[in-house]
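Now for the letters of each chain:
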Amino acid sequence: MTNHNWQFQTEQSLVENHGLKLDEFEKIVEGLGREPNLTELGIFSAMWNEHCSYKSSKFWLKKLPTSGERVVQGPGENAGVIDIDDGDVAVFKMESHNHPSFLEPYQGAATGVGGILRDVFTMGARPVANLNALRFGEPNHPKTKHLLSGVVSGIGGYGNCIGVPTVGGEVNFHPSYNGNILVNAMTVGIAKKDKIFYSAAAGIGNPVVYVGSKTGRDGIHGATMASAEFDEDSEDKKPTVQVGDPFTEKLLLEACLELMKEEAIIAIQDMGAAGLTSSSIEMASKGDVGLEIDLSKVPMRAQNMSAYELMLSESQERMLMVLDPSKEEMARDIFKKWDLEFEVIGKVTDTKRLILMMNGKEEASIPINILVEDAPEYQRDYIVEEPTPIKEYKSEDFDQNNILKDLNTMIMHPDLSSRKWIWEQYDHMVMADTVVRPGSDAAVVRVHGTNKGLAMSTDCSPVYCKHNPYEGGKHAVVETWRNIIASGALPIAITDCMNFGNPEKPEIMGQFVECIRGMGDACSKLNYPVVSGNVSLYNETNGEGIYPTPAIGGVGLIKDLSNVKTLSLKEDGNFLCVVGKTANHLGSSKYISIIQSKEEGGTPEINLDTELRNGNFVMDAINKKLIASAHDVGEGGILVAISEMCMSGNLGIIIEIETNFPHGYFFAEDQSRYLIEVSPNNYDKCQKLANNNDVHFEKIGIVGGDKISIKNIGDQHISALKRSFEKSIKQISQ
Amino acid sequence: MKSHVIVFPGSNCDRDVAVAIKNISGHQPQMVWHKETSIDKSDLIVVPGGFSYGDYLRCGAMASTSPIMQDVVKKAKEGVPVMGICNGFQILIESGLLDGALMRNSSLSFICRDILIKPKNQSSVFTKKTQVAKMPIAHNEGNFFVTSEQLKKIRDNDQIAFQYCDENGNVSEHSNPNGSLENIAGILNENKNVLGMMPHPERAAELAHGCEDGKTIFESILN
Numbered sequence: 001m002t003n004h005n006w007q008f009q010t011e012q013s014l015v016e017n018h019g020l021k022l023d024e025f026e027k028i029v030e031g032l033g034r035e036p037n038l039t040e041l042g043i044f045s046a047m048w049n050e051h052c053s054y055k056s057s058k059f060w061l062k063k064l065p066t067s068g069e070r071v072v073q074g075p076g077e078n079a080g081v082i083d084i085d086d087g088d089v090a091v092f093k094m095e096s097h098n099h100p101s102f103l104e105p106y107q108g109a110a111t112g113v114g115g116i117l118r119d120v121f122t123m124g125a126r127p128v129a130n131l132n133a134l135r136f137g138e139p140n141h142p143k144t145k146h147l148l149s150g151v152v153s154g155i156g157g158y159g160n161c162i163g164v165p166t167v168g169g170e171v172n173f174h175p176s177y178n179g180n181i182l183v184n185a186m187t188v189g190i191a192k193k194d195k196i197f198y199s200a201a202a203g204i205g206n207p208v209v210y211v212g213s214k215t216g217r218d219g220i221h222g223a224t225m226a227s228a229e230f231d232e233d234s235e236d237k238k239p240t241v242q243v244g245d246p247f248t249e250k251l252l253l254e255a256c257l258e259l260m261k262e263e264a265i266i267a268i269q270d271m272g273a274a275g276l277t278s279s280s281i282e283m284a285s286k287g288d289v290g291l292e293i294d295l296s297k298v299p300m301r302a303q304n305m306s307a308y309e310l311m312l313s314e315s316q317e318r319m320l321m322v323l324d325p326s327k328e329e330m331a332r333d334i335f336k337k338w339d340l341e342f343e344v345i346g347k348v349t350d351t352k353r354l355i356l357m358m359n360g361k362e363e364a365s366i367p368i369n370i371l372v373e374d375a376p377e378y379q380r381d382y383i384v385e386e387p388t389p390i391k392e393y394k395s396e397d398f399d400q401n402n403i404l405k406d407l408n409t410m411i412m413h414p415d416l417s418s419r420k421w422i423w424e425q426y427d428h429m430v431m432a433d434t435v436v437r438p439g440s441d442a443a444v445v446r447v448h449g450t451n452k453g454l455a456m457s458t459d460c461s462p463v464y465c466k467h468n469p470y471e472g473g474k475h476a477v478v479e480t481w482r483n484i485i486a487s488g489a490l491p492i493a494i495t496d497c498m499n500f501g502n503p504e505k506p507e508i509m510g511q512f513v514e515c516i517r518g519m520g521d522a523c524s525k526l527n528y529p530v531v532s533g534n535v536s537l538y539n540e541t542n543g544e545g546i547y548p549t550p551a552i553g554g555v556g557l558i559k560d561l562s563n564v565k566t567l568s569l570k571e572d573g574n575f576l577c578v579v580g581k582t583a584n585h586l587g588s589s590k591y592i593s594i595i596q597s598k599e600e601g602g603t604p605e606i607n608l609d610t611e612l613r614n615g616n617f618v619m620d621a622i623n624k625k626l627i628a629s630a631h632d633v634g635e636g637g638i639l640v641a642i643s644e645m646c647m648s649g650n651l652g653i654i655i656e657i658e659t660n661f662p663h664g665y666f667f668a669e670d671q672s673r674y675l676i677e678v679s680p681n682n683y684d685k686c687q688k689l690a691n692n693n694d695v696h697f698e699k700i701g702i703v704g705g706d707k708i709s710i711k712n713i714g715d716q717h718i719s720a721l722k723r724s725f726e727k728s729i730k731q732i733s734q
Numbered sequence: 001m002k003s004h005v006i007v008f009p010g011s012n013c014d015r016d017v018a019v020a021i022k023n024i025s026g027h028q029p030q031m032v033w034h035k036e037t038s039i040d041k042s043d044l045i046v047v048p049g050g051f052s053y054g055d056y057l058r059c060g061a062m063a064s065t066s067p068i069m070q071d072v073v074k075k076a077k078e079g080v081p082v083m084g085i086c087n088g089f090q091i092l093i094e095s096g097l098l099d100g101a102l103m104r105n106s107s108l109s110f111i112c113r114d115i116l117i118k119p120k121n122q123s124s125v126f127t128k129k130t131q132v133a134k135m136p137i138a139h140n141e142g143n144f145f146v147t148s149e150q151l152k153k154i155r156d157n158d159q160i161a162f163q164y165c166d167e168n169g170n171v172s173e174h175s176n177p178n179g180s181l182e183n184i185a186g187i188l189n190e191n192k193n194v195l196g197m198m199p200h201p202e203r204a205a206e207l208a209h210g211c212e213d214g215k216t217i218f219e220s221i222l223n
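Residue numbers (this note's numbering), protein chains in the order written: chain A, 1 to 734; chain B, 1 to 223.
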């Protein structure tokens with residue numbers, strides 16, 4: 001194992017087992033002026049892994065637009081913060097828990113939810129909604145059943161118990177996730193703008209306080225595991241998965257929010273990935289101070305824990321804070337009331353070092369800046385591959401007699417079918433402020449005690465990203481923007497969760513770079529900045545990477561809840577109209593993948609000018625009360641979108657529009673389109689508004705009856721369609 | 001009108017029910033921490049939903065031994081109306097105020113969705129104003145069970161408060177979401193002043209919820 005160039009006392013294998021490269025180790029030695037001891041090596045390993053240091057992605061992430069008139073806090077804190085008027089702010093972030101969820105789906109998913117909830121309430125916000133973005137392997141892959149059931153019950157188990165509604169999300173199935181599922185969890189919270197809490201430690205001599213659960217040996221090296229590829233032996237990594245306790249987190253949430261009402265907390269940071277290490281270093285670095293911690297004071301669950309174990313444990317439901325010393329007793333009483341640990345474990349110092357003591361012995365002494373500012377940052381080599389060329393399809397290649405049969409097959413497919421089996425396992429109504437439940441374009445949650453609400457949606461189309469990462473990156477952003485608009489809200493900002501393969505491979509890095517470029521262009525054009533996010537790389541098993549998956553979570557504001565729209569058709573006799581042009585782009589569509597079992601034809605392109613015009617038109621029409629229901633046209637195309645509106649509203653439609661390429665018209669995935677239901681009285685006003693704004697607008701049909709009737713093609717009963725729609729996801733789990 | 005809502009560690013519908021009571025009665029209920037030992041004079045005590053003590057050991061079991069529960073039991077025996085919703089129902093069973101047991105749903109999974117219920121008992125302070133009503137359930141352990149002797153007793157004594165039903169009020173297997181015996185969604189004690197129910201009327205109590213059917217249960221007791 002020993003390399004002949006190795007010139008250090010420390011064993012080379014020990015360094016490698018900590019996920020550190022030779023040049024990174026040299027950098028540590030240079031920074032410290034000596035070789036690190038084991039505890040210090042563990043700390044560097046935890047801080048410099050991909051998950052905590054963003055070493056491959058930082059350079060590119062800086063290119064994303066992160067500011068805007070409503071942005072109160074962009075990336076860099078525990079979560080992003082946006083202004084939602086009246087002194088209120090929304091605090092949100094999405095984070096991955098992919099590797100642990102593959103190893104142990106229930107606990108992996110549960111602790112993913114727990115972690116993101118803590119990120120939000122650390123900032124002083126009460127969490128009001130959870131969402132998620134999930135990717136599994138093929139529906140019939142032997143692992144999918146177990147992983148799907150485990151992840152769904154894990155998300156439910158945590159969210160239901162803590163009492164935060166899980167209101168939305170998305171789920172996809174694709175072979176590229178057979179060996180690496182993705183579990184991305186998002187939390188949205190609400191706080192007062194003048195009561196936001198940050199992580200910068202301050203005040204030399206102030207107490208550093210540990211609260212929450214005791215520290216055990218679970219999750220040691222979790223973040224390092226999450227920064228490596230999987231192979232056949234990965235099952236052995238199960239002990240690195242943490243175990244969640246939502247009940248303790250509920251107590252921690254209430255205790256923290258109770259304490260936050262007082263002027264007691266100077267800085268607060270949750271102990272997430274890399275536990276006590278990252279939280280203490282983060283606080284010291286942000287505050288440009290030092291911390292001295294006596295590890296023997298840390299509340300322990302196991303006996304004889306070493307400094308190394310205490311620093312690297314990822315035991316859940318813990319927080320670190322710096323308190324105003326005069327409020328220490330009051331704070332202690334609050335945590336005592338909630339039966340939680342409260343221990344002063346150290347103090348803020350002016351040394352700008354992290355000094356760890358244990359039983360009177362110094363276990364580590366590291367200058368903070370070496371750990372943070374001097375952390376490795378790479379501009380990895382990348383290759384941008386040619387996007388899959390766009391294919392022109394012709395009407396004569398399709399049999400129009402099959403349209404309704406194809407529709408049935410498509411909505412029975414797990415990628416397009418009802419997600420009811422999933423969301424019925426999530427309490428999506430606790431807190432009694434859920435206005436639009438799961439199943440519509442965006443979920444809407446009322447801001448408690450007001451008549452305004454937040455609309456939120458998660459989205460990404462990995463197939464689009466694979467075949468054209470630039471357009472795919474644009475699409476993921478724009479899809480959430482559309483969903484939020486269709487629900488009646490003004491889109492404000494996004495959080496992103498960048499899930500990719502091994503960044504050391506230039507083609508994977510190329511996907512990352514291109515997705516970022518697409519996202520950035522869309523965000524800039526739509527004035528829809530990124531306020532928080534997370535990167536998950538090395539999603540590979542035996543060298544096979546996942547499809548590029550930049551999952552986006554968007555948040556919008558509805559100033560008046562009477563403007564909320566859902567996708568359910570509302571009334572007989574109304575007109576159903578389509579906003580945006582259909583140009584028969586079937587490439588990379590669900591039609592091609594489900595009916596023809598192919599992945600070909602290229603990703604649809606998005607013209608951001610058209611996108612902006614069409615979106616603004618729908619927003620305007622909703623605010624002018626011209627629209628009865630709205631739905632964005634997404635995967636599956638117009639006919640799938642119409643079916644969703646019919647099934648949700650239990651109403652049929654007579655489709656009158658004539659087309660010479662029915663498959664193209666009904667299943668194409670051209671972008672920037674919406675379906676809107678308009679009463680006959682408002683039709684002319686809508687048409688005029690569209691004309692004035694250079695928006696393509698056409699009537700498709702008339703709402704009514706109990707079937708979808710397509711002129712010259714045939715009829716499909718809604719009730720039968722619904723039976724097909726609700727079957728497949730449940731079947732996977734059985 | 002004075003009402004009280006008990007708060008246990010892990011309660012998570014305490015605020016929701018307090019908001020519903022405030023909206024319907026105009027009076028703010030008093031929140032009572034579980035470590036307290038007595039409740040002031042009260043016209044209604046609510047044991048709210050949630051996951052008291054994380055549902056550890058057995059749903060409701062640990063909460064039923066909280067200090068405040070001695071006084072809740074005492075007040076219930078004196079005739080004060082006591083209402084347990086969801087986890088509150090589980091707690092009232094564990095405290096011995098109500099008969100039966102709540103087992104895991106027959107589907108073995110958590111269920112959150114709208115269901116329909118109708119009152120069987122039509123004269124109690126809780127049920128007298130309600131007809132077929134829509135409201136959500138959200139639970140893992142709502143599968144009601146009693147022994148056949150107990151069932152006979154609660155039937156004969158008109159203690160079945162609510163049953164799961166369909167739009168037309170038919171009680172059938174099809175309208176039973178969780179496997180409960182006789183579709184029982186809620187029961188009363190012998191004196192009809194203690195109600196336990198799995199559905200959440202506080203989540204169907206204003207227009208923004210999309211349904212207001214749950215209001216009548218509060219209205220009948222609060223006015």
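You may find that some hints are simply not true.
Unchecked claim - Below 30 angstroms or equal to it, Euclidean Cα-Cα: the simulated DSBU-like pairs (lysine-lysine) are:
(1) A:K327 to B:K35
(2) A:K452 to B:K134
(3) B:K35 to A:K336
(4) A:K193 to B:K22
(5) B:K2 to A:K261
(6) A:K261 to B:K22
(7) A:K727 to B:K134
(8) A:K570 to A:K581
(9) A:K707 to B:K35
(10) B:K75 to A:K559
(11) A:K337 to B:K35
(12) A:K337 to B:K75
(13) B:K134 to A:K420
(14) B:K41 to A:K722
(15) A:K625 to B:K2
(16) B:K22 to A:K452
(17) A:K559 to B:K134
(18) B:K134 to A:K337
(19) B:K22 to B:K75
(20) A:K570 to B:K2
(21) B:K74 to A:K336
(22) A:K192 to B:K41
(23) A:K730 to B:K35
(24) B:K134 to A:K336
(25) A:K261 to B:K35
(26) B:K22 to A:K195
It is worth saying that the hints were derived from the structure and are not from the lab.
These numbers come from a predicted model, not from an experiment.
**Request:** Provide an ascending list of the numbers of those earlier hints which the structure does not satisfy.
**Result:** 9, 10, 14, 15, 18, 20, 22, 23 and 24
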